[in-house]
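Chains G, S, X, F and P: place on chain R using the hints.
Protein chains: 6
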Amino acid sequence: MSRISGRTPSQLRTVRIERRFTKHAEGSVLVCFGDTQVLCTASVEERGPAWKKDGGWVTAEYGMLPRATHTRSKREAASGKQSGRTQEIQRLIGRSLRACVDLDALPGLTITIDCDVLQADGGTRTAAITGGYVALVDAIRAMQARKLIKKDPLHGQIAAISVGIVKGTPVLDLDYNEDSGCECDMNVVMNEAGQFIEVQGTAEGHAFRREELDQLLDLATLGIRELMEAQRQALGV
Amino acid sequence: MSRISGRTPSQLRTVRIERRFTKHAEGSVLVCFGDTQVLCTASVEERGPAWKKDGGWVTAEYGMLPRATHTRSKREAASGKQSGRTQEIQRLIGRSLRACVDLDALPGLTITIDCDVLQADGGTRTAAITGGYVALVDAIRAMQARKLIKKDPLHGQIAAISVGIVKGTPVLDLDYNEDSGCECDMNVVMNEAGQFIEVQGTAEGHAFRREELDQLLDLATLGIRELMEAQRQALGV
Amino acid sequence: MSRISGRTPSQLRTVRIERRFTKHAEGSVLVCFGDTQVLCTASVEERGPAWKKDGGWVTAEYGMLPRATHTRSKREAASGKQSGRTQEIQRLIGRSLRACVDLDALPGLTITIDCDVLQADGGTRTAAITGGYVALVDAIRAMQARKLIKKDPLHGQIAAISVGIVKGTPVLDLDYNEDSGCECDMNVVMNEAGQFIEVQGTAEGHAFRREELDQLLDLATLGIRELMEAQRQALGV
Amino acid sequence: MSRISGRTPSQLRTVRIERRFTKHAEGSVLVCFGDTQVLCTASVEERGPAWKKDGGWVTAEYGMLPRATHTRSKREAASGKQSGRTQEIQRLIGRSLRACVDLDALPGLTITIDCDVLQADGGTRTAAITGGYVALVDAIRAMQARKLIKKDPLHGQIAAISVGIVKGTPVLDLDYNEDSGCECDMNVVMNEAGQFIEVQGTAEGHAFRREELDQLLDLATLGIRELMEAQRQALGV
Amino acid sequence: MSRISGRTPSQLRTVRIERRFTKHAEGSVLVCFGDTQVLCTASVEERGPAWKKDGGWVTAEYGMLPRATHTRSKREAASGKQSGRTQEIQRLIGRSLRACVDLDALPGLTITIDCDVLQADGGTRTAAITGGYVALVDAIRAMQARKLIKKDPLHGQIAAISVGIVKGTPVLDLDYNEDSGCECDMNVVMNEAGQFIEVQGTAEGHAFRREELDQLLDLATLGIRELMEAQRQALGV
Amino acid sequence: MSRISGRTPSQLRTVRIERRFTKHAEGSVLVCFGDTQVLCTASVEERGPAWKKDGGWVTAEYGMLPRATHTRSKREAASGKQSGRTQEIQRLIGRSLRACVDLDALPGLTITIDCDVLQADGGTRTAAITGGYVALVDAIRAMQARKLIKKDPLHGQIAAISVGIVKGTPVLDLDYNEDSGCECDMNVVMNEAGQFIEVQGTAEGHAFRREELDQLLDLATLGIRELMEAQRQALGV
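Chains as they are written, first to last, in my numbering: chain R, 1 to 237; chain G, 1 to 237; chain S, 1 to 237; chain X, 1 to 237; chain F, 1 to 237; chain P, 1 to 237.
One chain only, chain R, in its complex shape (with noise of 0.2 Å):
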């Protein structure tokens, strides 16, 4: 089988993770996954969360600007709420980037992740984790330099892929295309040691068989293995 783009099934997209794109933020990554383009922030506020006496919070916030996709769609704050997709997204990147931080070694403090698609071509929630992730490591690096926390709060490294079954083969990094014409598909988010912090697998058309399951597991753990290196990569470590 050959992908519309001529990507082997267990082919990345080009990755490409900028940092200090922007100036005001304290981690601010443009991160893309071929087309799609998504600005990752890290803000760092003084307040812990209302709802928690100690320790702090790591949260994330997801948008996509209007014309970002193929037809222009309604901007959320116009019709005045955020979708359920949106929601869904955004507490998706929220709780995947808390796995890796001691939420304790944080206190008063809020650090939240806006992840903001500029151009969308597929994968922009594992585009998101993968950038926001790198935004969040500069952003307690700024916090540390600033001497706002007495130890490193961070306690590993977090990526996250979308795998699906395109016509019959299971395949890495699902653009556009292959998304909105594929059987099932999974978002898969891991840590460094390999292990699995969210796994997500939806079919609508066609259900998956258990060893289908475990292809794409398999896929989706090389693809995080390389969005890893390119992590460290643009971190410098």
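Incorrect hints may have been included.
Note that the list lumps identical chains together, so a pair holds whenever it fits in one copy or between two copies.
As the list claims (entries may be wrong) - Below are the SDA-like pairs computed for lysine to any residue, each with C-alpha atoms no more than 25 Å apart in a straight line:
#1 K81 <-> P49
#2 K53 <-> H206
#3 K52 <-> Y176
#4 K147 <-> T69
Since the hints were derived computationally from the structure, they do not count as laboratory data.
Positioned in the frame of chain R, the structure of chains G, S, X, F and P alone reads:
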């Protein structure tokens, strides 16, 4: 290991599926997984979805009575919006149930599955899917009796269960205590062929290893087989 | 004249008051006036109202499950606001129940009565007040047992019933068919001394004469006496 | 007993009904019950209600200027929703005025009565109904002049007044001081035949006995007779 | 050239400024520019703005009664939000009036100027600023009388007028007909020294040349001088 | 006088206009005025405005990424509404760009200009208009290529700049530091004939005299001439 409830790791809570619980809806099912009680009604409306030219639609809405939980939560109608959690759950229920329906066989028709939690003790979304399926079948049978549709749109059976790792042990069908203290948990939706419709695994505290994931999927497969038997008994098929 | 249901003009529907219907709330009552079923829970919170320096508060919220009615109505949480009807009803329930409570004896405490209609067949607001009273008593008794309050804030008994003129005849406790076809109707809330707490009579079709109003109030007085007996039996007092 | 204002128990405040107060509306009436001033406009639109196939509709909206009251209240347009009180009042005004209109004689037409309180001193809803009736008549006469309707839809006269028990004495037309200190109060809407359209009695402090209710209805009947005379004088009929 | 109204190009409409129009507000002014009628109230509240540590605040809100205009417009409280136009106008009024107040001399105090249009015939925002100034002065004098403030925060006089080019001729104080047909128009806010506080010129149809802009500013200067005289007469200073 | 940035009073910041910045929109322009970066996309939709029978429409929406600014601001989509400032700006952008378009030549078509601020350093609205114009031209050219329109609707060139008085000196193109400390500022929109489309001058601190206003307009005229040259170079015309 022993569970506080006395159940074995692979033991479901007592499952009860009561049809015709209220009188107006085409399908009305009270489903109980132990102390979790969800009222699922299926309502037929003779209007297709606005954004879709042909065929019909199956959708779901989810709600919790304010005092279904240990402490009262704010009524979503009063606060003016559905939370991200609510939207995430109702999108999951809708996608899961659409997986067993041929939407083209429902021209100009919409079936809405309302899942309202009367009492919560963990696993409300999986109970909602499992009970919602039975309400959906009743509504489809009612539509056939009223000659609203020509052919049977139903082409499968759907049920759902939660699994998770509690104190190091993979267990089936977590109750509230287990759920709030677990290291990671997963909601699994399957069809009657043992294939996966949805897999949603989350680890905030403890990332799960591949073999743990495999054990959890095995447990879920067992549990869903039992739930499907209970669905068939309730439906008398 | 005969009513479709076979009831005499002054006959209530079968009344059922079931306490401890769900397990979390301090008071939880399922009240049925015939096919009208309302779940009333009373929740105690250790916070006073923000706008009131001393004493506590008793308030009510009202909701209908979307398919409690003949045709599905839109979920208020999804449409983003409570209808005027909902607000009118919950304000009525709150005012009515506050009429039997000494708020000064609830310092720093709020009791919320949630009335959720599982099945509607006319008279949901009067059922809600009648059942809500029982839930309120249970909650107050629980507060006394937990030593949250020093003296008994309860100083009366409250129940409510609807009356109306159907095809020229004054009748008690209208069901949905009678209610939608009636010439005028009235909701009456009374205390155990036979005094009026609320009287709300409405005539869109046929204005009512003074002697009709008098007959309706007589009928209501009879009906409420029976309801109070049912409340006392349920409470075992 | 003497009232602070010097009025006798059965004495109305000075009533003023000024037609053509603003120039754009088909009916525009400033109604004053003492210091309570409400601007009532009736607007004719050539569209029927969306939810009703035949005939027309008469509806009402109610608002208070933020500083109509002793202390400034939040502007409802700014807070983003109408309060429960506002909705309750505008529903009451609409129902009351529809009671004198044959909606079938208004095919494809909607009349909206806007009642905006410029200055509040108790009794705003009863002033709104009483003045709204006059604006409604003017609008109907304008529709007849413009040949929008074939037959006269008006079949009665409507006015409203408040009554209540203040320091043990039943009194008519409560001003703000009396209203905020009264033991119970009632709003009564009647037609020209002395029949009741709406009766809304409320007792938070002191439940009212049957004979008190009777006295209040007697007072209301007297007051409404006077108001109707004032309406007829204003209309020159 | 002659204006439909018979006015000369540099002639204002009849201006009327009536103080103490309603009784509760610290300042209450009905201002009329011809048929445009705006009720401006100034309300003093003993709370400072939440986002500002020291000093006080002066702010404005703007609204139109639904039938202030030729055809009824939707009530903003009912549609659930203020339009962009409304927000733009109330921000303009607030900024303009703050230009003559020393906010540091209002510690812990907020003055809200509510401008509600009873009848609209063009120029509502300039009438609101001109009348709002008089209400503000009255409120400040009331605060001084009540010893709420130590020194006089007022340091100037503010008025506003519209100018525009109608059929090629620059004219002063456009009414609705002129405004809706004009080629470009400008709202000008000035102080008593003839300096500019706000200049807002807009050309959708016909861009204006520099010399036209100069002529419009000359006209505005003339008009504002007259309005300031009217303000002083109303205030008796 | 010297500006902190080293610029002379009449010197613009470095202007950069980059076309085809994202791939989906008919026009997509990144415009930079120094550190201010705004992404302007023009989207063509084949639907006319609902409220207008003939011709088409050009409209604009404006947004800021939450961390475009020094401190993070709340996401408008999350808070549920666009601020007054946002609405004021997007109305200004829309009006300004409509001034160079013949709407009758766009029958049944809508062009939406989305202006999203990636990084803010003062002057975002003037950058948005200047960049939005280029995106609009690209969209119109695309419509011509796709034969969506018969004749060229474009009849002018539009650009915008801010001017203000900083420490007593009139300066061109204020950056954030200058803007937040300035005595008064003005946004000026002009066309290629040097005529004014919009003039919006505001003085909260220091009212500006007529000769200051004249100097500011002179500066703006100079600046806009340069911006128009940059637009033409970017467009290659």
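So, going through the hints one by one against the coordinates:
In this homomeric assembly, K81 and P49 come within 25 Å of each other (Cα to Cα) both inside a single copy, at 22 Å, and across copies, at 21 Å. Taking the shortest alpha-carbon separations for K53 and H206, only the inter-copy value of 22 Å comes in at or below 25 Å, while the best intra-copy value is 46 Å. Taking the shortest Cα distances, K52 and Y176 sit within 25 Å of each other only across copies (20 Å), while inside one copy they are farther apart (39 Å). Taking CA atoms no more than 25 Å apart as the test, K147 paired with T69 passes between copies only; the shortest distance there is 23 Å, against 41 Å inside one copy.
Checked against the numbered hints above, the structure breaks none of them.
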